[in-house]
Amino acid sequence: MIEISAISAFYGKHCALDGVSLTVQRGELVVILGANGAGKTTLLKAIGGLVPVAPGGRIAMAGKDLTAVPAHDIVAAGVALVPEGRGIFGEMTVRENLLLGAFPARARPAETRNLELVLSLFPRLNERLRQTVRTMSGGEQQMVAIGRALMTAPDILLLDEPSLGLSPIMCKELFQSLGRIRDAGLGILLVEQNAKQSLKIADRGYLIESGRIVGAGTGAALSADPAVQRAYLGAG
Amino acid sequence: MTLTLDILLSGLVLGGMYALIAMGLTLQYGIARIMNLSYGEFLVAAAFGALFLFTGMAVNPILGLLLIVPASFAANWLLYRVVLTPLVKRAKNQGMLEVDSILGTFGVLFVIQGIMQVVFGGALQSYSYLSVPVRILGTTLAANRILALVFALVIGGLLYLLLTRTRYGTALRAIAVNPVAAQLSGIDIAAASGLAFAAGGAIVGAGGVLISMFLTFSAASGVIFTMKALIVVIMGGVGNMMGALVAGLLLGIAETAVARLVDPGLTIAVTYALFLGALLWRPTGLFGRPAR
Chain A
1 MIEISAISAF YGKHCALDGV SLTVQRGELV VILGANGAGK TTLLKAIGGL
51 VPVAPGGRIA MAGKDLTAVP AHDIVAAGVA LVPEGRGIFG EMTVRENLLL
101 GAFPARARPA ETRNLELVLS LFPRLNERLR QTVRTMSGGE QQMVAIGRAL
151 MTAPDILLLD EPSLGLSPIM CKELFQSLGR IRDAGLGILL VEQNAKQSLK
201 IADRGYLIES GRIVGAGTGA ALSADPAVQR AYLGAG
Chain B
237 MTLTLDILLS GLVLGGMYAL IAMGLTLQYG IARIMNLSYG EFLVAAAFGA
287 LFLFTGMAVN PILGLLLIVP ASFAANWLLY RVVLTPLVKR AKNQGMLEVD
337 SILGTFGVLF VIQGIMQVVF GGALQSYSYL SVPVRILGTT LAANRILALV
387 FALVIGGLLY LLLTRTRYGT ALRAIAVNPV AAQLSGIDIA AASGLAFAAG
437 GAIVGAGGVL ISMFLTFSAA SGVIFTMKAL IVVIMGGVGN MMGALVAGLL
487 LGIAETAVAR LVDPGLTIAV TYALFLGALL WRPTGLFGRP AR
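From first to last, the protein sequence lines are chains A and B.
Numbering follows this note's numbering, with no gaps: position 54 of the first sequence is 54.
Convert by adding 236 to the 1-based position in the second sequence; the result is the number in this note's numbering.
It is worth saying that the hints were derived from the structure and are not from the lab.
Beta carbons are placed, not taken as given, at the ideal position from N, Cα and C, and that holds for glycine.
Keep in mind that a hint or two might mislead.
Straight-line distance between alpha carbons at most 30 Å, and here's what the computed DSSO-like set of lysine-lysine pairs gives [to be verified]:
#1 A:K13 x B:K328
#2 A:K64 x B:K325
#3 A:K13 x B:K325
#4 A:K196 x A:K172
#5 A:K200 x A:K172
Cβ-Cβ distance ranges computed for the label pairs, FRET-style [to be verified]:
#6 A:T93 x B:W517: 49 to 57 Å
#7 A:R113 x B:L314: 37 to 45 Å
#8 B:A327 x A:E116: 37 to 45 Å
#9 B:R401 x A:R113: 41 to 49 Å
#10 A:N36 x B:R401: 37 to 45 Å
#11 A:Q193 x B:W517: 40 to 48 Å
#12 A:A105 x B:K328: 29 to 37 Å
#13 B:L314 x A:G85: 31 to 39 Å
#14 B:L398 x A:G12: 36 to 44 Å
#15 A:I201 x B:R401: 38 to 46 Å
#16 B:L389 x A:E116: 38 to 46 Å
Just chain B, with the same shape it has in the complex (with noise of 0.2 Å):
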């Protein structure tokens, strides 16, 4: 009954960061429409940020949230200004355009990971704050989790419902349905894709601030945050948010069940296996539309 329990609320602390990082993912590929290899190294840079703003300036992870995510969102803003919206522009169709990205932005994330490594080392990285156990329902979690999940829940939340509640948010995901008919309602769909991008860059450095108070990490842990986002992102149906929040939150908990009851490392294998089949079974995520 315990271990049962302490699965579940270690995995919900993890699937929450997933379902966190995901739904910035599914900001730039569903309605941006970039495929963002380097998605992973903008969490670890805000990972870094959030280190060196505890250790060396003494200011907790939760104050350095209001400086990291704007900083994250003006970055992925440039990015998407500088780098990619020359791909966009000549982009012939949908097609062009997800390889372009794919091959542009696995670039930047080397170059991303690069000044890593000079600026911060290559060692892995953790700092301790608010790592004080506490009792809930019979078994204990650190405090910095559950801070770290409410944060996740509070943010996935606003963004949840600026997407659906207001008239601009509604805009962004009729992008992700049909781009075509959101230019005919008078969408700037330039300007918006920009602005998607640059939102979900503020969620993804949101997410690698939280992450930091509890994991540890190092410059090229990267790569491996992008891929659980891409999969939370597919399983989920890209664009869909509640899809993501779910997939998420199931990933979360099936990688701590079977780190706990079976082997740690197999959890990579644990995620690969529910992506295979949720690609066999529902391709088009858990709430995706049917196959046309």
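Bound conformation, chain A alone (with noise of 0.2 Å):
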């Protein structure tokens, strides 16, 4: 669905992400594990048209080409974006922030099934709907971002860092809902620090190491390869 090739990106003459290559199918969750500074932020920055990507990497969504895009087309693609801090309008209520979520013209015509769908995935979002959102909890201002990104009718959503803040209950909750996005036919690119609980759900990951891919396999091999347990599941 979405193709990653070789994508570079800069801060001045810092490399921050260096020749990344890789693939997001629908329906499916891809996790990427790396440590702070690794490039993960960036990575989907450059995916989601925040940070310019270098010549020489390309973006392509179903074939369409999206280097150098400007933003707002990505989400016109379908690529959706929650970005780390979440990335919602504090000020406004939380109905506005879904309704905004419906700006792009691919998702008018789907908007009443996708605040369905947003407000199945989160019920306690239905009471709050006239809530100023910069009022509400770390864990409910995260499902109000998500929910903002599902109304976009996106193919592919863009996590960084989600369970950030959030506490273990909460963010054993956004695991599964997570999990039943995908379900819904969504592809998932999924930056965590939360290892253990995002290898647990996720279909494949990638292993991050200063801007470069240096591991890739599924969710059930990485768990078990001794070298991810020591790096990043406080084993051994």
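Reassemble the complex: the two chains are provided individually, in unrelated frames, and hints are given to aid placement.
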């Protein structure tokens, strides 16, 4: 579905992303594991159009070239990013946030259906539709953020550290919801610190180090890999 | 009692004008992120336009709105496209854009002011349209002031409804709240910023026409209106329409009260005292969120 081939990104002279290639299919949950500063956030921002991709790389969605396309057109092509720090409209209500998600033309026909989907995934939002998002808890804000992204009717959902700052219970609920979103047919590319829980639900995973992909495998294979266990799962 | 009513009514008229032009500035500053120092110049240009239409072609200012408001929209859109878009594109962050746009529009201020000086001269101007007294609640007010207030309320109310009740208006407000999340919701913020800037220009054009109906003005008056609009915007909270309305009315009434009760020369001092108080007491505006 989405094909990323050999993309690099620079902050000034610093190379944050060095020839990364990966794919995500529909109905597939792919996790990216890596230490702080490994380039995970840059990777998602580059795909979402918030960070420019250096010449030579290519991002394509169902064959359509999305390299060097402005962020709003990437959303229009069916790729939705939930950035770190959530990317929501804090001064606006839950309802307004969700309606703004349905701004792209592609999202309009399915708006009612997607709103029902979001509210069934996150029933708590149903009773909070008129609340200002800034006044909600971190977990609820994350629901709004994911809900806003789902309202754009994406084929691929990019999530940057969605579990950051959530309580263990909230975290567990969140991962269950991600599993259900995947089962609804979306492709999910997930960047996570919480390697244990994310590998448990992931179909596949990539390891990223200093801006390079250094390993890949199925969720089960990565969980069983001793090197992964040492580096990310706190074993041995 | 009569004096109180008199002050309240006159203050409401003046405050309505301030609120209207502050709403336009908050569109430009809050959404398009341009601090436009030439804002008041567009107001004065619209006032001259109304004067020219009324005295030269016998077109009344209310009809003149139909011509001047679209012209001001177009002029501001062009200003954004031609002069400001290059600044937006090269700015690495909001602070840089703020400095560049202040310097850029400072230059535009003198260009427009100079052209108006050459065309209309430097003298104070006014014209007499509907300056008949009307009795309201035991006090009198000129009909043109009442008409100006009514139109300011209608235009401001329509703008408020557009911004809060339509999807595109909600998208415009969203840009003021979080430009990155707006892009991620598929909003083309470059195009929307141009539109918001032009809409702000349309509002200040309307404000200029309405103000010209009852205030004298000259080619050099622009800066006063820019300052007052800016003060109202900051008092009300950047990007906050309701805040602009309340702060604008408050300022109008306070100025009128001081002018009538103490001394007309003190109005500017009152403006700045209120501004200072707001900055010290609520730096993010009357309705602004607490500082993070």
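Legend entry - Proposed proximity, B:K325 with A:K64 (alpha carbon, max 30 Å): holds, 26 Å
Inset, instruction - With 41 to 49 Å as the target window, see if B:R401 and A:R113 comply at their CB atoms. - result: violated, 23 Å
Inset, instruction - Check the following: the C-beta atoms of B:L389 and A:E116 are separated by a distance inside 38 to 46 Å. - result: holds, 40 Å
Inset, instruction - Could you tell me whether the CB distance from B:L314 to A:G85 stays inside 31 to 39 Å? - result: holds, 36 Å
Legend entry - Pairwise beta carbon distance, A:A105 to B:K328, judged against the given window 29 to 37 Å: Since the Cβ atoms of A:A105 and B:K328 sit about 31 Å apart, the hinted range of 29 to 37 Å holds.
Legend entry - Hinted pair A:K200 and A:K172, Cα distance within 30 Å: Measuring from Cα to Cα gives roughly 11 Å; hence the hint holds.
Inset, instruction - For the pair supplied as a hint, A:K13 and B:K325, confirm whether the alpha-carbon distance does not exceed 30 Å. - result: With a Cα-Cα distance of about 21 Å, the restraint between A:K13 and B:K325 holds, given a limit of 30 Å.
Legend entry - Straight-line alpha-carbon gap A:K196 to A:K172, limit 30 Å: holds, 11 Å
Inset, instruction - Hint says 37 to 45 Å; check whether the CB-CB distance for A:R113 and B:L314 agrees. - result: Once the Cβ atoms are compared, 42 Å apart, the range 37 to 45 Å for B:L314 and A:R113 holds.
Inset, instruction - With 37 to 45 Å as the target window, see if B:A327 and A:E116 comply at their CB atoms. - result: Because 41 Å falls inside the window, the suggested range holds.
Inset, instruction - Go ahead and decide if the range 40 to 48 Å is satisfied by the Cβ distance of A:Q193 to B:W517. - result: For B:W517 against A:Q193, whose Cβ atoms are near 42 Å apart, the range 40 to 48 Å holds.
Legend entry - Status of the given 36 to 44 Å range, CB of A:G12 versus CB of B:L398: Hint holds: Cβ distance 42 Å, inside 36 to 44 Å.
Hint compliance for this structure: hints 6 and 9 are broken, all remaining hints hold.
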